[in-house]
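Starting from the structure of chain A, add chain B where the hints point.
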Amino acid sequence: MEQIIFEKSVPGRGEKYLPQLDVPEEDYNISEKREVPPTLPQISELDCMRHYTRLSHLNYGVDTGFYPLGSCTMKYNPKINEEVANLPGFTDIHPYQGEETVQGALQLMSELQSYLKDIAGMDGVTLQPAAGAQGELTGLLLIKAYHQAKGEERRDKIIVPDTSHGTNPASAALCGLKIIQIPSDDKGTVDIEALKQAVGHDTAALMLTNPNTLGLFEENITEIADIVHDAGGLLYYDGANMNAIMGYARPGDMGFDVVHFNLHKTFAAPHGGGGPGAGPVGVKDFLSPFLPVPIIRFDSSKEKYYFDYNRPQSIGRVKAFYGQFSVLVKAYTYMVRMGWDGLKKASEIAVLNANYLMQLLSASYYQPFRGPCKHEFVLSPKNLKSLGIHTLDIAKRLMDYGFHPPTIYFPLIVEEAIMIEPTETESKETLDTFSEALKMIATEAQENPEVLKTAPHSTPVGRLDEVMAARKQILRWLTS
Amino acid sequence: MPYIPHTAEEIQKMLRTIGVNSTDDLFSDIAEEIRLKRALNLPRGLSEKETWDKINGLASKNKHMGKHICFLGAGAYQHYCPKAVKHILSRSEFYTAYTPYQPEISQGTLQTIFEYQTMICELTGMDAANASHYDGATALAEGVSLAIDVTKRKHVLISSLVHPEYRQTVATYLEGKNITLDQIPYQDGLTSKKELEQRMNKNTAAVVMQTPNFFGAIEELSYAAQVAQQTGALLIVCVDPISLGILEAPGNLQADVVVGEGQSLGLPLNFGGPYLGFMAVKNKYVRRLPGRIVGKTQDRLGNEGYVLTLQAREQHIRRERASSNICSNQALCALGAAVYLSLMGPEGIREVGRQCIQKGIYTKKLLSKIPGIKIPFPATTFKEFIVETTEEPQRINEHLWKAGIMGGLDVSGFYPELKNHILLCVTEMRTREDIEKLASVWGDMS
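Protein chains in written order, with the working numbering: chain A, 10 to 489; chain B, 2 to 447.
It should be emphasised that the hints constitute simulated quantities derived from the structure, not laboratory data. The structure displayed is predicted, hence computed values, not measured ones. It is possible that some hints are incorrect.
Stated by the list, open to error - The list that follows gives simulated cross-link-like pairs (lysine to any residue, SDA-like), each with its CA atoms no further than 25 Å apart:
no. : chain 1 : residue 1 : chain 2 : residue 2
1   : B       : K370      : A       : V32
2   : B       : K84       : B       : Y102
3   : B       : K194      : A       : R43
4   : B       : K87       : A       : R43
5   : B       : K178      : A       : R320
6   : A       : K462      : A       : G397
7   : B       : K283      : B       : E249
8   : A       : K17       : B       : A85
9   : A       : K353      : B       : G20
Unchecked claim - Between beta-carbon pairs, the in silico distance windows are:
no. : chain 1 : residue 1 : chain 2 : residue 2 : range
10  : B       : D26       : A       : K88       : 32 to 42 Å
11  : A       : A372      : B       : A40       : 34 to 44 Å
12  : B       : E305      : A       : E34       : 39 to 49 Å
13  : B       : E51       : A       : D195      : 45 to 55 Å
14  : A       : E54       : B       : Q255      : 36 to 46 Å
15  : B       : R39       : A       : R63       : 50 to 60 Å
16  : A       : T442      : B       : S29       : 23 to 33 Å
17  : B       : K285      : A       : S310      : 52 to 62 Å
18  : B       : R17       : A       : E92       : 38 to 48 Å
19  : A       : D195      : B       : D26       : 15 to 25 Å
20  : A       : E438      : B       : G20       : 12 to 22 Å
21  : B       : D183      : A       : D195      : 51 to 61 Å
22  : A       : F307      : B       : E418      : 25 to 35 Å
Think of the CB as a built atom: it goes at the ideal place given N, C-alpha and C, for glycine as much as any other residue.
So here's chain A without its partners, still in its complex pose:
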C-alpha cells in the first residue's frame, strides 16, 4: 500500500509555480479572513508524481485487462479521443465566449445531436445532462411537464420492471413521482399481464432498458408500447444497453418517446474511475418544446450555429452551461471514426462475443435464462451454494486470475447473479482465457473451496471489511 500523501508532507517543501506579483500591492479589507491555512500537502513535484504513479499501480482499468462489468460497457477507450479532447481549441474555450468564436465547438455539438437522433430514432436531443442518472431525471421531468401541459397532473406513477437499474426508481423519486415495480415473467422479460394491471389513468411512464439487464431483448416491445400508450402513459428508454442494437433497431421505432444515452458506455468515452460521464437525452417531436435550455441550432441564412434559449415551455436547466463538453468531443470522435458501418459492426460483435462466452460457460455455470442473449448475460452459481461458495467468492477469485470481476448480485431477481458484458473490443483469446479461469474456479469450488472463500490472494490488499468502514466512519485523514 501507499502512504497517505499528507504523511509525506514536510513544512516548507514544495515547488512554486507562479511568478512574483507584478502589480503594486494594496491594502484591502476582508472581515472574515483566513488565519489558519488549510492543511494541504507540502511535497516536491517528484514525490507527488511518485505518489500518484504508485497509486495508479494499485488500480485496474480497461487498459490493464478484461473488465466484463455487465451494463457498464467497458469497451476500449481509443487514444485519439483523449488526444483530440486535449486540443487547446477545445480545452481553452470559455462557455460564455461569443458564439461566433466557438463555431467549431457548436458544429461538433450540433452534429452529435443529429447522430444521436438517428441512432435512437428520436427528433430532438439535449446534450446537457452530465450522466445517465441525470439523463433519467431530465427525461422524467420532460414527461412530467408534458402531462402537466395536458392538464393531467394526476399522472404520477412510474412503472419499472424488477430488473431495472437502481437509478430508475431513484430518479423518479427525485422528481416527486411514485414507483410501481412489476415482476418479470419466467422468460426474464416484462410480464404483460402484470403490466396491464399496473397501467391506468395515473400512469406517467414505463421505464425500460431494452435489451434488459438480463441481456434479453423484450420481444413484445411493440405490445408493451401499445399498452402504455393506450393508457395515456409514455415510454422511457434507459440507454445503458444501447451497445447491443446500434444500426439494428431503434428505440424510437419500438415506441419509446424518451431515451437517454450513456456516452461513457456505448460511445467509448472513458469512465474515469467513476466519472465524468455524459447522459444526453433524445425525445420525440411532441416532447421537444420541454427540452432544457439551451439547444444548439444552425441558422442557415446566417450560416452560423447558435444557442437557442427561446424555449418558453422548457423544464429549465439541469446543470450549469451546456454539458460535459470534453466527453461529448470524445464520443463524437468515436462516432466519426466508426461511422454507420462501424457502429453496426460494434453491436454485431458485442452480441457475438456475449453469446460465445455464454456458450463456453454453459457446462460449468447455471444459466437462468437461455439465449440468444444480446450484449450481456447472467449466470447464477446457486448450485455452488451447498459448498458454501457464493458469487462474491467467485468474483474475488477472478482477480487472482488477472481479471476484473463482472457485475455481481444484479439484477436483483437472479439469485447470486453474475452479469457479464464482454463488449466488442475483446478478442476471442481473451474470452477463451476468461472462460477457462471461470471453469477452473468452478473446479476449485469443489476441490478447494477455502481458496475461494479467502480470495483474492494476489492483490495489494485482501477482502476489505465494509462493516467496519461503515461503523468507524473514517472519511478523511487526521493527524495522529
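Chain B only, in chain A's frame:
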C-alpha cells in the same frame, strides 16, 4: 473495423461454437417490423488520420485563450495549472477504470478520493466530504435537497447573487417537491441583510449564500449563519475553493453545508464541462450526504485499505428511497483537483488568492480612470467585479476583440436592471501588461 480485433475466421469459429450460421441469427428476437432497414444516417467510418484532420479542423475554428487575453469568468475560470497534473490524469490505470466497486483492485482510485475528501474538508473547514458531484450547480441543488430532508421544511431562501445558472438548476431540481424558492434581493452588490432577516420564517429550511458572490463580492457569512440559526434553518454556502487560502473557511463561520465548483482547482475551461461539484458537511449530516463516500478500513489480515462506504444511502441499494439518484460522478476531475492542491500546497493556494485580489484591485483602479466607467459596488471583491459603463457592453466587447481581448460578461442577460454593467474577471493568469492593454484599448474608445 476500428477497435474490433476479430478476423473473419475467428467469427466463423465462434458462430460454430454457438451453433448458429450467422450473426443475424443472434438478432432473431428483434421483430421484423422494428428492425432498421437502412443504414444509420451517419457518414461512413474514417481512418484515424482522417478523423484527426476532421476534428482538429473543428478545434481550430474556435478562438481560444492560448491566443487571446480573456477577462471572462462567471463560474468558469482560467487559472494556472502545473503541467504535472495532466500527466497524472493521462494515466490510463486511472481514467479507464470504473467506479471502484471492487476495492482490492481499486485502491488507487479509492485512496485518491479519500485524500481528495480530506483536502475538501481542510479547505472548507467541514467534517466530511463526498466523492464529487457533476458541477457546482448540481452540488448546490443536492445541498438544498439535503436541507429540506433534514428540516422537513418547505421554504428556501437563496441569495439573488448566487450564480443565475445555479439558481435555475436548483429550481429544476425542486420541481414537484412543493418548495418555495425565495430570492433574497441584493443591495450595493451584496446580499441584503435586511431582506434576509425579513424573509426568514419558521418554515425556512435553508439560507443559501455564495461567496464570492456572482458579482465577485465577499459576503459576510457569520451574519447569515446567525440569522439562519435563529429559526433552525441550515446555512448552505457555495464557495470558489481557490478563494479559501485567503477567505475564512465557511466551516469556521457556522456553515452547515458547503458546496461549490472545483473547476478553479486546475481543471481546464472545456467550454463548460466536465467540472467538479463538491459537497462537505458537518458530522451530524454525514448520513444524509448524497453520492459516493470513501472510508478507511482493514482487510482480514489487518492491512489498511479503502472502500466505498455508507452505501445504504445510495440508489443501487435503496432504489426509490435513496438520498439521491447520483451514480457516475466526476472522479477523474476530483483526482485532478487533488493533484493540483498537492502541488500548489497551502502557500501556493494562498498566493493564487493574493494575486487574484491584487490584480483585481489594480484593474479596477486603471479602469475607473477611464471617463464613463464606474465601479458601482464598493465591497471588496475576489477575482471578479462589476463595471458600469455608458456604452453598450456588446460595443465594448467588439472593440476589445479587435485587439485580441475577450471582454467580460454583459450581466443584463441575468440581471435586466443592470443595463450597461459588465462582469470582469482577473485571475493570476493576467499579467500587468494584459491589464494595462485592456485599460488602454478600452480607454481609446471613449
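Each hint, compared with the structure:
Taking the CA atoms of K370/B and V32/A, the gap is about 17 Å. The hint holds against a cut of 25 Å. Using a Cα cut-off of 25 Å, the hinted pair K84/B and Y102/B is violated, with the two alpha carbons roughly 30 Å apart. About 23 Å separates the Cα atoms of K194/B and R43/A, which keeps this hinted pair within 25 Å; it holds. At most 25 Å may separate the alpha-carbon atoms for a hinted pair to count; K87/B and R43/A exceed this at roughly 30 Å.
Proposed proximity of K178/B and R320/A is supported: the alpha carbons are some 23 Å apart, at most 25 Å. With a CA separation close to 8 Å, the supplied pair K462/A and G397/A stays within the 25 Å bound. Taking the CA atoms of K283/B and E249/B, the gap is near 16 Å; set against the 25 Å cutoff, the hint holds. Between the alpha carbons of K17/A and A85/B the distance comes to roughly 18 Å, so the proposed pair stays at or under 25 Å and holds.
Annotation: proposed proximity of K353/A to G20/B holds, straight-line Cα distance about 22 Å (limit 25 Å). At about 35 Å, the CB distance of D26/B to K88/A agrees with the hint of 32 to 42 Å. Taking 34 to 44 Å as the suggested C-beta distance range, the pair A372/A and A40/B conforms, at roughly 39 Å. Between E305/B and E34/A, the C-beta spacing of about 46 Å keeps the proposed range 39 to 49 Å intact.
E51/B and D195/A have their C-beta atoms about 50 Å apart, which keeps the hinted 45 to 55 Å range intact. Separation of E54/A from Q255/B is about 37 Å and conforms to the stated range, judged on CB atoms against 36 to 46 Å. One distance hint, 50 to 60 Å for the beta-carbon pair R39/B and R63/A, holds here, with the actual separation near 52 Å. The hint said 23 to 33 Å for the Cβ distance between T442/A and S29/B, and at roughly 29 Å that hint holds.
Distance hint for K285/B and S310/A: a CB-CB separation of about 59 Å, consistent with the stated range 52 to 62 Å. Between R17/B and E92/A the Cβ separation comes to about 39 Å, which falls inside the hinted range of 38 to 48 Å. Judged by the Cβ atoms, the range 15 to 25 Å given for D195/A and D26/B holds: they are separated by roughly 23 Å. Between E438/A and G20/B the C-beta distance comes to about 21 Å, which sits within the given range of 12 to 22 Å.
A C-beta distance of roughly 53 Å is found between D183/B and D195/A, which places it inside the suggested range of 51 to 61 Å. Between F307/A and E418/B the C-beta distance comes to about 33 Å, which sits within the given range of 25 to 35 Å.
Violated hints, listed in ascending order, are 2, 4; each of the other numbered hints is respected by the structure.
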